[in-house]
Structure formats: structure tokens, C-alpha cells
Amino acid sequence: MRLQIVTLALLAAVLSLPTPVLAQGGNGGSQVVVIVNRANDDASGMTRIELARIYKGQKRSWDRDNPISLYLPPPSSRAMLSLAANVFKVHDANAISRYYIRAIFRNIVSRVPPVVDSTEEAVQRVAADRGAIAVVTSGEIPNPRLIRIIEVDGL
Amino acid sequence: MPRLGITAGVAFALIAAPALGAEDAGPKRDLALALEDIARMQADYQSRIETLEAQVSQLRDVEAGPDHGSHSGGFRAPRLSIRGFAHVGYNATESSTRAAPIEESSNHFDTEGFSLILSSDISERVSFFSETEFDLTGSGSTSITIARMKLNVDLFDGLRMTLGKGHTAIGYWNKNYHHGAWVDPTISRPLIYNYEGSGGVLPLHYYGVELMGDFSSGLGNVSYVATLANGNGPTTTSTPVQDRNDSKLLALLMTWEPREDAGLGFNVVLDRIPGDPAIGPFRDHTIEELIYGGHLFYRVEPFDFVTEFQHITHEDGGTGASYRHYGAFAHLGYTLGKFTPYYRFDLLGIESGDPFFVGSGAVLARLSDTVQHSVGVRWDIKPFVAIKTEYRYRRDRFQRDSTAAVQAAFTF
Numbered sequence: 053m054r055l056q057i058v059t060l061a062l063l064a065a066v067l068s069l070p071t072p073v074l075a076q077g078g079n080g081g082s083q084v085v086v087i088v089n090r091a092n093d094d095a096s097g098m099t100r101i102e103l104a105r106i107y108k109g110q111k112r113s114w115d116r117d118n119p120i121s122l123y124l125p126p127p128s129s130r131a132m133l134s135l136a137a138n139v140f141k142v143h144d145a146n147a148i149s150r151y152y153i154r155a156i157f158r159n160i161v162s163r164v165p166p167v168v169d170s171t172e173e174a175v176q177r178v179a180a181d182r183g184a185i186a187v188v189t190s191g192e193i194p195n196p197r198l199i200r201i202i203e204v205d206g207l
Numbered sequence: 003m004p005r006l007g008i009t010a011g012v013a014f015a016l017i018a019a020p021a022l023g024a025e026d027a028g029p030k031r032d033l034a035l036a037l038e039d040i041a042r043m044q045a046d047y048q049s050r051i052e053t054l055e056a057q058v059s060q061l062r063d064v065e066a067g068p069d070h071g072s073h074s075g076g077f078r079a080p081r082l083s084i085r086g087f088a089h090v091g092y093n094a095t096e097s098s099t100r101a102a103p104i105e106e107s108s109n110h111f112d113t114e115g116f117s118l119i120l121s122s123d124i125s126e127r128v129s130f131f132s133e134t135e136f137d138l139t140g141s142g143s144t145s146i147t148i149a150r151m152k153l154n155v156d157l158f159d160g161l162r163m164t165l166g167k168g169h170t171a172i173g174y175w176n177k178n179y180h181h182g183a184w185v186d187p188t189i190s191r192p193l194i195y196n197y198e199g200s201g202g203v204l205p206l207h208y209y210g211v212e213l214m215g216d217f218s219s220g221l222g223n224v225s226y227v228a229t230l231a232n233g234n235g236p237t238t239t240s241t242p243v244q245d246r247n248d249s250k251l252l253a254l255l256m257t258w259e260p261r262e263d264a265g266l267g268f269n270v271v272l273d274r275i276p277g278d279p280a281i282g283p284f285r286d287h288t289i290e291e292l293i294y295g296g297h298l299f300y301r302v303e304p305f306d307f308v309t310e311f312q313h314i315t316h317e318d319g320g321t322g323a324s325y326r327h328y329g330a331f332a333h334l335g336y337t338l339g340k341f342t343p344y345y346r347f348d349l350l351g352i353e354s355g356d357p358f359f360v361g362s363g364a365v366l367a368r369l370s371d372t373v374q375h376s377v378g379v380r381w382d383i384k385p386f387v388a389i390k391t392e393y394r395y396r397r398d399r400f401q402r403d404s405t406a407a408v409q410a411a412f413t414f
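The listed protein sequences derive, respectively, from chains A and B. All you need for the numbering used here is the position in the first sequence, starting with 1, plus 52. All you need for the numbering used here is the position in the second sequence, starting with 1, plus 2.
Derived by calculation from the structure, the hints in this document are not laboratory data. Certain hints may be false.
[What the hints assert, rightly or not] Dumping the calculated DSS-like pairs for lysine-lysine here, alpha-carbon to alpha-carbon at most 27 Å: (1) K111/A to K141/A; (2) K384/B to K340/B; (3) K108/A to K340/B; (4) K141/A to K250/B; (5) K384/B to K108/A; (6) K141/A to K30/B; (7) K108/A to K141/A.
Using the sequences provided together with the hints, build the complete structure.
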């Protein structure tokens, strides 16, 4: 009996270990979402048009003291494809690069935003920067409590 | 996820407790205590994992340096970005007049040099921008021109102030296309937007301060640019680095975009052009300049349509005579994969005798009503390399030109 109790207790402990396979995003699904710093209260209710203004460099700050830091998703990721199709209205990541080169030329932005290698890196950078914003796939977010997740219609 | 384990453990405890029964209260209590210990350990591990992840993120930021934009309040240095634009090409032109069918023909390989865009975030709200051209002149020498140089200050969201040299807020094309051929959809610029040194009639460059911004509503986005700058010099090619008179150039450009990449707008420019007796007695007095125009664009793939017009009035302060000129163009492109064929119609209407143009050199003095047709194809052969071919037919009062051009334009 004692052996059975201990075995079952160990089973419970094993089941409690975090496993990436079973990890769920804050939304419980796998969709492309926007993530911002948890302290950012200005991004709530963001629309696709507002997201486009942010990523196209037309909106450069959340408020007077909080400039926006953009991060681009990995080039081949689902998040990048969604950003290209639904925000920039282009076909691929190269077209987004071309947009930023033209935007630099037109003095709209100063540089091409950095590209993260993974959703995990995006979460870490957004968690560490009050003005940061990134686009990721919700199912890949390892620790949703570190950031604020925003669902944007049309993304 | 830890909740699943805790829930499983509690559920097990609830299920196992009756099995243990009153006959074995000691082990039952031990089990409950063990489950509590496991729950505490899980919470502790989770907290430690989160702490470690945050520390790793901070270490990565320190390792990567200030370029990765941490706004933690620590040390940040300006972040300089350098981009280049260049083009090479070939042009063949045949000119004819009424007197001679083919008076002049020329063909040559063409590279005007390259331009460098330097941009840098000096701080969260201040940035620097410059466009410097390194030109190869016809005599084989090299010239360096600062085409644009601006200090940008983001006053607050939706309002930016820039100080320095830039492109005047005249029309859509002049604010979007500058000296980088890779950005331009065509080889040649619209006639109305030819640069001052190429027979242009508009003050396309300014030295001064600009306020620009935009605001959105349910009806779309409205953007504006207001300029206060040194006034023009006595000729079209006089660079207004210093103002020759006390009056300043005022310009306003507004655009309404009811949807992304489609909209319309207008512009107004006011200036007082100083007189210069050294040019000739006809230029003794100031000239009041009024420019107004409008633009319409629809740039939603696969269509690329832009049309504009500008109207110029010069009022001679000595004679009181007014001279009115106009210019317009319509550009239509259609994207098919990597190819974008296009057509553009250009129109210039010039009233002869304008002392400002007469006193600005032979090219402007000879300027007359002009019609030009341009047809071409842009091939984006690589993401940052474009091959353009263009044929232009231009006719004015004195001569006709046919030009065939090929250009490879790229950014680096």
C-alpha cells in the first residue's frame, strides 16, 4: 500500500513538471498575436491599422516617455508571413525589408528593426523593454505571464 | 502546467483517502503532507525559472550592447545606420527640330555616382538623417553634395519637427522620391519635378524648419507638412543656404488617405524672390511667388497610379506683370510578379517672358510648353536590385527628343 501511495505521488510530481508540448499560450490556441511589455497600458484595444502605423514607423511612441521598440519575427515564421500579408500588404519578408529601406530613405525610420530568432527571444526582449512590441504565434509563447498578449483582428 | 500536477495530486489524495481508510490515518496524513511539500516545491521551481529567464534576458542585452534598444535607463550611444543608393545606365537620344530632321544624337553610359543615407537615433526622441551625393561630373571630376540633412525631434506622438535641409513640401512626388534611383518607380522624374539644376521650375529644396505629423479618425488618416525656410535666391539654381531677403518661404502640404496607400491632397507655397540687378535690369525688383497644387494617388498592388498638378504665379514687383505656368503628370503602373510596366504623361505650360526664368540661365530662358510621353518597365530582378528600361518622347516649341534608356538601380 505504501509503495502504491509513493508511486502515485511521484506520478503526480512528474505530471506537474512543465513540458513544452503541453504548454499553452495565454489564449489557449495557436494564432498570431501581438505582445507588449506587461507595464504597457497604452496598447490595449489595438487595431490592425494601429499596428500597421506602428510597424511602418508612423507612430513612434506609446506616450511622451515611452518610445516604441519594434521587433520583427523570424523571417520564415508564421508570424512574419501574417505581418507581411495583413499589415504590410506584401508577399514576403523581403518586401518588408524593402519597405524599411524606403522608409529610411524617406526619413520615416532610422534603421531596419531587429529580427528575433525565436518567439522565446521575442518574449524576453519585450519583457525587458517597456516600449517593446513584437508579433509572435501564441502557441509558442513559453511564459505568457512575462508579457501582455493582445489579439488584433485581421492579423 | 504546474496546476495540472497539483490537481492530479489532490485528486489522487481524494480518491486514495477512502482506500486508506480510517484504519491507516498515519500514512494518510503523511501523504497529505507529502503532497503539500510537492506543491511548494513546484511553486518554488516555477519562480526560480522565471527569475533565471529574466536574468538571461538582461545578460543578453548587456552582451549585445546598447544597439538592442533596452530602455532600462542605462547607457545608450547613438546608433548609426548607413545605406547607399546607386545606379548605372545607358542613354541614347536623338533630337530634331523643324529645320533639321536629326540635328543631334548622343549615346553614353551613365553613372552619376552614389548617395549615402546616414541615419542615427541620438536619443529616444531625437534622430539625425542625411543624404550625401558623391557625383561623377561630365568633366570627370567628383563633387560632393549634401542633398538633405535633418535633425528630427519627435515632440510628441503624431508631431515631428525637423531642422536642416530637405525637400520642400511641394506635392506627393517631391516628398517621396529624392536622389536614390532604386526607390523611384521610373528612370526619369516628372518634368514638373526636375531638379533646379536640370531645368526645374519649382523650389524643390529648402533650408529651414518643418513640422510634420498625422492623425487618424474613422474617415482615414490625415498627414501634414508645414515648412518655414529661407526664401529662394534670385535664380532657380541659387541655393538658399543664406536668405537674401527678410521674407521666408512658407509651404503647406496636406494629404488625406481614406484607406492605406490611396488618397488625395493639396499644397501651397508662398515666397518673395529677391531682385538682383547683376543679372540684368529686368531683375531689379522682387518677384512674388505663389505655387499651389494637388495630388491624387492609388498605390494598392497591383496598381500604381499617381497624378499631380502644380500652378505657379510670378508677379513682377517692378512692372506688375504676372506670369502663370503649370505642370502636370499622370503615372500608371501595373505590377505583374517582378515586373511593373508603366506609362507616364507629362505636361508643362510655360508663359514666356517670366523674368525669374529668363534670368536663371539658358535652359530656363528657353523653356516652353512641353509634352512628354514615357513608357517603360521596372524589373525587380533581386530584392534590392532593379533593372529599368524606358523610352521617352518629348516635344516642345523648339525641338523633339526621343530617348531610350536602361538603368540598373540598387541599394546597398
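| query | Honestly, which of those hints from before does the structure not fit? | reply | Result: hints 4, 6 break, sorted rising.
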